[in-house]
Amino acid sequence: MDPLKLLFGANRQVTEAQQQFTFSRRAFFLGGTQVGIGVLLAGRMAWLAVAENEKYALLAESNRVNLQIIPPRRGWIVDRNGRPIALNRTAFRVDLIPDRLADKDAVLTELAQVMRLTPIDVERVRADLKKAAGFQPVPVAENIDWETFAAVSLRTAEMPGVAPSEFFTRYYPEGASVGHLIGYVGAASAKDYEEKRDPLLITPGFKIGKDGLEKTQEVTLRGLPGAKGTEVTARGKLVRDLATRPDMPGKTVKLTVDAGLQAYTGRRLGLESGSAVVIDCETGGILTLSSMPSFDPNSFSDGIGRIEWRMLQEDDHIPMLNKAMQGLYPPGSTVKPAAALALLQNGVDPEETVYCNGGYTLGSRTFRCLGHHGPMNMRNALMKSCNTYFYSMGRRIGYDRIAPVAKMLGLGKEFDLPMPSQRYGTVPDSAWKRKKFDQDWSQSDTLNATIGQGYVLTSPLQLAIMSARIASGKMLDPYLIHGQRKPAARLPFSEEQLQVVRDGMDLVVNGAGTAVRSRLPLEGIRMAGKTGTAQVRAIKGGQRGQSGNWKYRDHGLFVFFAPVEKPRYAGAVVIEHGMGGARAAAPVAKSMMTYLYDPAKAMEELTALEAGWGGDVNTRMARKAAAWKAASDPKTAVQAAAEGSVEDSEIKKTTEIEERLDTGAPVNRDAAASPEPETAGAPVSSSTTNVPPPPAEGSPQ
Amino acid sequence: MTDGFVPAPLKQLPWRLLFLLLAIGGFGTIILFSAAGGSLTPWAASHAVRFCIFLVMAIVMSRIPEEYYARLAMPGYAAVLILLIAVELIGGISGGSQRWLDLGFIRLQPSELMKLVVVLATARFYSMLPAGQVRTWTAIWPAVLLFGVPFALVLLQPDLGTGLMIAAGGVTVIFLAGIPLRLFVGTAAIGAAALPVVFSFLHDYQQKRVLIFLNPEEDALGAGYHITQSKIAIGSGGIFGKGYLNGTQSHLDYLPEGHTDFVFATMAEEWGLLGGLAIIVAFVMVGRWGLQVASRATTRFGRMTAAALSMTIFYYVTINLLMVMGMAPVVGIPLPMVSHGGTAMLTVMLCLGVLMSIERHSRRRTGL
Chain A
1 MDPLKLLFGA NRQVTEAQQQ FTFSRRAFFL GGTQVGIGVL LAGRMAWLAV AENEKYALLA
61 ESNRVNLQII PPRRGWIVDR NGRPIALNRT AFRVDLIPDR LADKDAVLTE LAQVMRLTPI
121 DVERVRADLK KAAGFQPVPV AENIDWETFA AVSLRTAEMP GVAPSEFFTR YYPEGASVGH
181 LIGYVGAASA KDYEEKRDPL LITPGFKIGK DGLEKTQEVT LRGLPGAKGT EVTARGKLVR
241 DLATRPDMPG KTVKLTVDAG LQAYTGRRLG LESGSAVVID CETGGILTLS SMPSFDPNSF
301 SDGIGRIEWR MLQEDDHIPM LNKAMQGLYP PGSTVKPAAA LALLQNGVDP EETVYCNGGY
361 TLGSRTFRCL GHHGPMNMRN ALMKSCNTYF YSMGRRIGYD RIAPVAKMLG LGKEFDLPMP
421 SQRYGTVPDS AWKRKKFDQD WSQSDTLNAT IGQGYVLTSP LQLAIMSARI ASGKMLDPYL
481 IHGQRKPAAR LPFSEEQLQV VRDGMDLVVN GAGTAVRSRL PLEGIRMAGK TGTAQVRAIK
541 GGQRGQSGNW KYRDHGLFVF FAPVEKPRYA GAVVIEHGMG GARAAAPVAK SMMTYLYDPA
601 KAMEELTALE AGWGGDVNTR MARKAAAWKA ASDPKTAVQA AAEGSVEDSE IKKTTEIEER
661 LDTGAPVNRD AAASPEPETA GAPVSSSTTN VPPPPAEGSP Q
Chain B
702 MTDGFVPAPL KQLPWRLLFL LLAIGGFGTI ILFSAAGGSL TPWAASHAVR FCIFLVMAIV
762 MSRIPEEYYA RLAMPGYAAV LILLIAVELI GGISGGSQRW LDLGFIRLQP SELMKLVVVL
822 ATARFYSMLP AGQVRTWTAI WPAVLLFGVP FALVLLQPDL GTGLMIAAGG VTVIFLAGIP
882 LRLFVGTAAI GAAALPVVFS FLHDYQQKRV LIFLNPEEDA LGAGYHITQS KIAIGSGGIF
942 GKGYLNGTQS HLDYLPEGHT DFVFATMAEE WGLLGGLAII VAFVMVGRWG LQVASRATTR
1002 FGRMTAAALS MTIFYYVTIN LLMVMGMAPV VGIPLPMVSH GGTAMLTVML CLGVLMSIER
1062 HSRRRTGL
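Those sequence lines, one after another, are chains A and B.
Going letter by letter, the first sequence gives residues 1 to 701 in the numbering used here.
Going letter by letter, the second sequence gives residues 702 to 1069 in the numbering used here.
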């Protein structure tokens, strides 16, 4: 076959006419092509402009409009009288947006000049920029003064990527006193953002609750963000402002707390490591929940410095622990009122006497009392905190009958409170011991537990509830958020039975009891209470719980209510290593009650005390922080190291913490009773506040 | 011929075409006024002036008899080819790619002129070829050479868009000359098969453009940005557009090259689908007019030239619109008479000048 024929066709001779015909046909084809393409183009355009119009209109709009989130103003936290505990203040900040940063070096140089940044600041910003994702603003400075803010704002056009903004910063007027209760706020973590993908979380200046009520009430406090639209060019140049949707501020959270009392208590605890809880006996509302030393939520909310953080971490008074809810202590004699109620419930006549000759003999061992009290009835036994009476009577009915009453009064319980964590401790009984140690409950266990030693561990909050329930005769439950509550049920005790215990507690302060020095300096108002002293560890050699190394000293506890006749307030005070309830804890309770009835008088007393302590809480904390900063300064640190102080003390602290962690369940329970006041019975070593309770302990019932 | 008050020379002008051109050019000016943010400078005024000058030039060209173009086709082609080689050499010497010759008063881009002369030369070749030889090799290889050499030269510059248009012009004439269809189908099949090989010969940036065209969202902020933003502009315009001077994509600089290659997107954002249809219809009508000229032409040269030039103008429009609507890679072909920039308008006006001359020629023959 002719290959040409294949290519060009059979008829290879073409005439002019044929050629003309071919041309016309092909030109017609081209004309058709033109129309066809025209239709195709029109169709494509219609598809874009009609079918996909919505999508592209949206894209054009998101090109044009730069939506800037306005973080909502956080709701206030106010006390029962509407006095603000946490509020907002206007502040200024400057951020860098890495995406818009064209010339990093030029901008940083100019910014450093305008804002008078130190080379260290600039280095920090550079380092942050390297790590930052393009959309995430890198803070340059927060809380700058208005002049600097204005100076930067004027130059934003020359410095693309620099974003000065106005924001609100959280302010806690009472500072450290409300630290544990309120918590603090901080910038959302990367993890928070990964979870929610809420652009609000990465908005500069926006903070979320990180601890305490700020954390648990986040939903109420946060509010809804506003948006500010600006029209921008492709190069990010602002053309004009568009409509702004204002933010919806978060709602106010009203607490049952009395801000004045909370602040006063924080100051009154002074140099001690302790906690205090006061409860409204009519409702169960918490009037104060104080744990000191604390941290200043103001400095936390602004971003805490490394030195300040280390200072808090290394303090042996553990400022980062909310001791009122998370500190667990052997309650010591403060549980005697509960034991007394259990005795009454089990048919013990309150007038029956036990003769105290200084101790109680169980088998071959003697459990000591504080003194030789002679014949003791129930009221007097409470007044004198006579161990012999409670050993004897407790043994008669057995601890398995006391434990339910202790639990009913709130010990070992977890309460429904909007706080991040609570620890509930232990109220032991034979079943508990069987399960936990696979051992039988012994008589000496009963004796120890009856006077609040041995296995018993409680939190200050629980002790306060116990006191409030005895005082009111009602099953009060604590609460923090102000609002209507269901009336509490009555306790299953007769008014006569409760009155015996209240009488005994009245005598503790106002009779010939252990806390007579803490009688209220007020006309016609009496406070009832019960002291307690809890041993920290077994007494060895010359080391007694009443002297020596601070961290081996006894804890001082006090539970109370006032006024005696018609209780309005009840509470508990625990002073770690305070050496005795009467000595360390009761005076604090006395001051708090005085404050509630006569603030001026209480303040006068406090001012005198603070003069001796070296200023109020905030002054002392500021001084301490300054000292730490000076010590962390390289020059002074070298000097200090030469004197052999810094490193040595650090090593010592580490070993101390390890030692604390080592102390686990009670040991050496049957050792000889202590000769020290109020702490007879089983010496225990499990009172440290940073030891988590073994998991099986005290499940709430 | 004596009726009316209109003088004969004016009456002889192809008013239907001129009206279309004035409409397109005028609309272009209006769009460029908006593209500059509502200002005559820097684009609208110069566009209008240039348009008028070139239109007058085209009308003047229409007075030149068709035979002149036929006779000048081959020398003209040779001259432009030499210029093209010169550009290549100068570019080689100066060590960079160059597309134009600086003649002092004008920057001459020979590849643009080639779009016209390749059509003229190929048409001339076929008009001289006896009808009997159309189905032989003699009818093919010279024509292929005629567009193949400049196509290769322009590809070297490198300018894929212009190169393809030169080739398309040549192929169109070959097609119109009556070369058997099976050759086109066969070549197209081979070409399609060879596409990967061709692709591998493309420059990196050209390859990238093709890849981005296939998937513009992949690189929405980089090289795919042009197409993405153009589609946003067209799509957001809707049926009636956002209103004159209300385009945000163009005014806020999101649309790159909004006054040159992407002028259609600038228009579509403000005039919507209706504006787009107007432009498409107008160009289809210009093409139709060109094909009508071809069908009425009296010489074989005139017929083929008119049809092929009509297609050349239409190729401009097609490639540009496919590109701005995201159906073709970004190749840098402007929308003639609407985009700001003189070269494309000059080429199109030259084509129209020749077309009008052919039209005038055919009317003389038939009219007299």
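Wrong hints could be hidden among the right ones.
Derived Cβ-Cβ restraints for the label pairs, each shown as a range [to be verified]:
1. A:G32 x B:P776: 30 to 38 Å
2. B:Y769 x A:G32: 40 to 48 Å
3. B:P776 x A:V35: 50 to 58 Å
4. A:D105 x B:S740: 47 to 55 Å
5. B:G944 x A:G32: 33 to 41 Å
6. A:D105 x B:L975: 31 to 39 Å
7. B:G944 x A:V35: 57 to 65 Å
8. B:A894 x A:E195: 51 to 59 Å
Simulated from the structure, these hints should not be mistaken for lab results.
Every residue gets a Cβ at the ideal spot worked out from N, C-alpha and C, and that includes glycine.
Comparing the hints with the structure gives:
1. Here the CB-CB span from G32 of chain A to P776 of chain B is close to 35 Å, well matched to the stated 30 to 38 Å.
2. Between Y769 of chain B and G32 of chain A the Cβ separation comes to about 32 Å, which falls outside the hinted range of 40 to 48 Å.
3. Remark: the range hint 50 to 58 Å for P776 of chain B to V35 of chain A is contradicted by a beta-carbon distance near 36 Å.
4. Under the hint 47 to 55 Å, the C-beta atoms of D105 of chain A and S740 of chain B, about 36 Å apart, miss the expected range.
5. Between G944 of chain B and G32 of chain A the Cβ separation comes to about 36 Å, which falls inside the hinted range of 33 to 41 Å.
6. Between D105 of chain A and L975 of chain B the beta carbons are some 50 Å apart, a value that contradicts the proposed interval 31 to 39 Å.
7. Take G944 of chain B and V35 of chain A: their Cβ atoms lie about 31 Å apart, and the range 57 to 65 Å is violated.
8. Take A894 of chain B and E195 of chain A: their Cβ atoms lie about 53 Å apart, and the range 51 to 59 Å holds.
Hints 2, 3, 4, 6, 7 from the earlier list are contradicted by this structure; the remaining hints agree with it.
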